[in-house]
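Since the structure of chain G is provided, determine the placement of chain P on it from the hints.
Line by line, the protein sequences give chains G and P. Under numbering that gives the first Met the number 0, think of the first position of the first sequence as 0, with each following residue one higher. Under numbering that gives the first Met the number 0, think of the first position of the second sequence as 0, with each following residue one higher.
One should not assume that every hint holds.
Among chain G residues calculated to face chain P with C-beta under 7 Å, some are [said to hold, decoys possible]:
id : residue
1  : Tyr-192
2  : Arg-197
3  : Tyr-200
4  : Ala-201
5  : Gly-204
6  : Ser-205
7  : Ser-208
8  : Leu-211
9  : Gly-213
10 : Leu-214
11 : Gly-271
12 : Thr-272
A few chain G residues that don't get close to chain P, going by computed Cβ distances all over 12 Å [stated by the list, open to error]:
id : residue
13 : Pro-12
14 : Leu-67
15 : Pro-97
16 : Val-114
17 : Tyr-188
18 : Ala-198
19 : Val-251
20 : Ile-288
21 : Ser-293
22 : Ser-299
23 : Ser-300
24 : Leu-309
25 : Leu-310
26 : Ile-315
In short, the hints are calculated from the structure, not lab data. Where a beta carbon is used, it is the ideal one built from N, C-alpha and C, also for glycine.
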Amino acid sequence: MTTLSLGGGRVIPAKYVPVLVTACLFAAMFVVGGIRYDGFASGQVVLNVFIDNAFLLVVAVGMTFVILTGGIDLSVGSVVALSTMISATLMAGPGWPPYLVVPLVLLIGSGLGLVMGYLVHAFDIQPFIVTLAGMFLARGLCYTIGTDSVPIEDPTFTAFAQTRIDLFADLWISPSVLIAAVVVLVAAYVLHYTRLGRAVYATGGSEQSALLMGLPVGRTKIAVYTISGFCSALGGVLLSFYMLSGYGLHAVGMELDAIAAVVIGGTLLTGGTGFLLGTVLGVLVLGLIQTILSFEGTLSSWWTKIFIGLLLFAFILLQRLFSARTRP
Amino acid sequence: MAVPAPILRMSGIGKQFPGVHALDGVDLRLLPGEVHALMGENGAGKSTLIKVLTGVHQADEGAIELAGQAVAFGSPLEARQAGISTVYQEVNLCTNLSVAENILIGREPRRWGRIDWKRMRARARELLARLELDLDVSAPLSSYSLAIQQMVAIARALDVEARVLILDEPTSSLDADEVGQLFRVMRRLKEEGIAILFVSHFLDQIYEISDRMTILRNGRLVGEYPTRELSQVDLVAKMIGQELAALDRLHGEAAAFDRPLVEARELGRPGAIEPFTLTIHEGEVVGLAGLLGSGRTEIARLLFGADHAGGGQVAIGGAPASLRTPRAAMSHKIAFCSENRKADGLIPDLTVRENIILALQATRGWTRPVPREQQDELVGKYVKALRISPPNPEHLVRDLSGGNQQKVLLARWLILEPRLLILDEPTRGIDVGAKTEIQRLVAELSDGGVAVLFISAELEEVLRLSHKVGVLRDRRLVAELPNGPELTTDVLMETIASGGRA
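Excised from the complex, chain G in its bound form (with noise of 0.2 Å):
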């Protein structure tokens, strides 16, 4: 069985079910939060989870492209640590501009990325135990800069952190958003129209069978743990927008928040299946979530815990039930 149909006798393919499932669930958090809530039924709630959340939705791409190959990337929550890091010490210490600041940051972060990919796929060791290295080291690395948190007072970076653009009525959105934005397209593009994109699908669905058709998997695995790495980097430029400090406990247990978002998304961690739209959906359910136990008031963060817990036993099960269906 490859589609599902619908009533009304619309087909639509089976791959795409995931993610609709994705879509129905915020929508429906969204219907439910409208009702209980006053106030919340609004663009500028949606918005806001944007808002909230445009580091984790960039590191949660990269996790995508890592996932898609059958991969897993340990190490995003300690690069993103590392990147507020250097870049909150650099503007500090010696007070270098954003401007070199920002591209230094994203040029250690894919050179993190690009090491660990080598490692995977030159020793053929499991990207588990060579991102979970890589997590140790970055982290380490945060330590050995400073241990307390460091503020960030550049000019330039705060005014462009407290920028808020317009959008019509009343809505407003952070400069991160719009970069989270861009990055989700030129990912999605990526993946769909490149041959990078199609060979990190083809790697994921088949390694052996991927190699033998003749695909560069060894520059696919390694490009694709790179991408991940850039995007922490990224990631944690946006947080110290949000934060605008750096510190070696930002962003403790990000890669799981990140693996989540994915997984919900739909993309299997198995490898080949999964699309980036997902993935935002992901990120938008985790956020959504926080927003409604904060509009629900008496609750305690932890329960955002417990939730995701909850909801990816549900995901995982359904894409079980479901890949059990379409491959008897």
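Only chain P this time, still in chain G's reference frame:
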């Protein structure tokens, strides 16, 4: 008639793997516009030779010339770019991608660096039309049957300017019509001047399509012969190095069996197999005949507890039994050799000994390891009895040929001394020699009182071995026929076709 200059010439190819001399001084030449069959038993070195040619492995010695130029391919990609395309035995495509992508990935038509999906789909349709196929090219490949996937793999191989096309057992999963279709395509390509290297275990197909053949045995070259000058009997003799005893019926008649071992009553599983009733007696070989997907494997899986039954009962030795898990079935001494030896059975990175001992160890539990001495004795016995080659129990299973892997899997179950042995396509994709050995073994086992459920797509084989044949059609057991002189493949085919109503 003068022979045209070969497009490809391999000479003195040698290749060693740890402990195995896979190839030793092998020559091969391919002429343009000819279908060249590469013949040999499993383990003769056919696959290794192809892998050396396509750059998967590097040759230790010898030279390869393509159109007069010395070449050495470092990867399959380089070989393809030089015009050597391969379709492997197992379909090596990405089933998560669309049909069009599988044909064209790596060579997608692009505009400004952007993949032009519209042109890509059109090009894919064009290539498939050359194979007389009309598919929805944007559907995922996983939605098509294995046979269609094979055709897609060939379409992919054809897209490049192929000068040499290697087809490594492309027909093992195709039905007669599809084979005919493939052969039409091969003839057309031949006329275009492409040299085709064809590997198949079906001798009839070899004689139908090939012009010339090269025979290998134990990694050495036996010789190159024009197909029409070599009779089938001579070919087989050259392949196995000895005269092949005639394959006669190992069991002529339905003998009387009175001690039922396994009785299934109205056993069924919705969506997999309609409720069926089947009795297997001690020492009886029950064959299951039917088309692919007719429910043969489903019956085997139910009897082994690999799937849960939706209804019905099973009695073993007269007492009702519950076969809810393979472990439960194993405790009743039921063994199951699955169809897919690579995926479900063998662990390629363990040795022959470890693979054989696995099931025995599992029944004893991990707290009671099988003593090494006993292991060596048991394994030695079965390696000898089944003529597993190379006869070294410490060899990695990965390095064995398909037929020998199948024997290792058999040995694993035989060591448990099963009362019912379920064999699902035990002879698929293995050569004549190993096939006869496995068939003899089945006959011996049944003489020793073991019941065998034998599943095979080859009706002759089913007839040769079985005392009783169950015929399946559309997931239903439609007939149960005692074997005898009046039961022929024609009768079986008619029964399959008519659904047993006649």
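Which numbered hints fail: Checked against the structure, the hints that fail are numbers 13, 14, 17 and 18, while the rest are satisfied.
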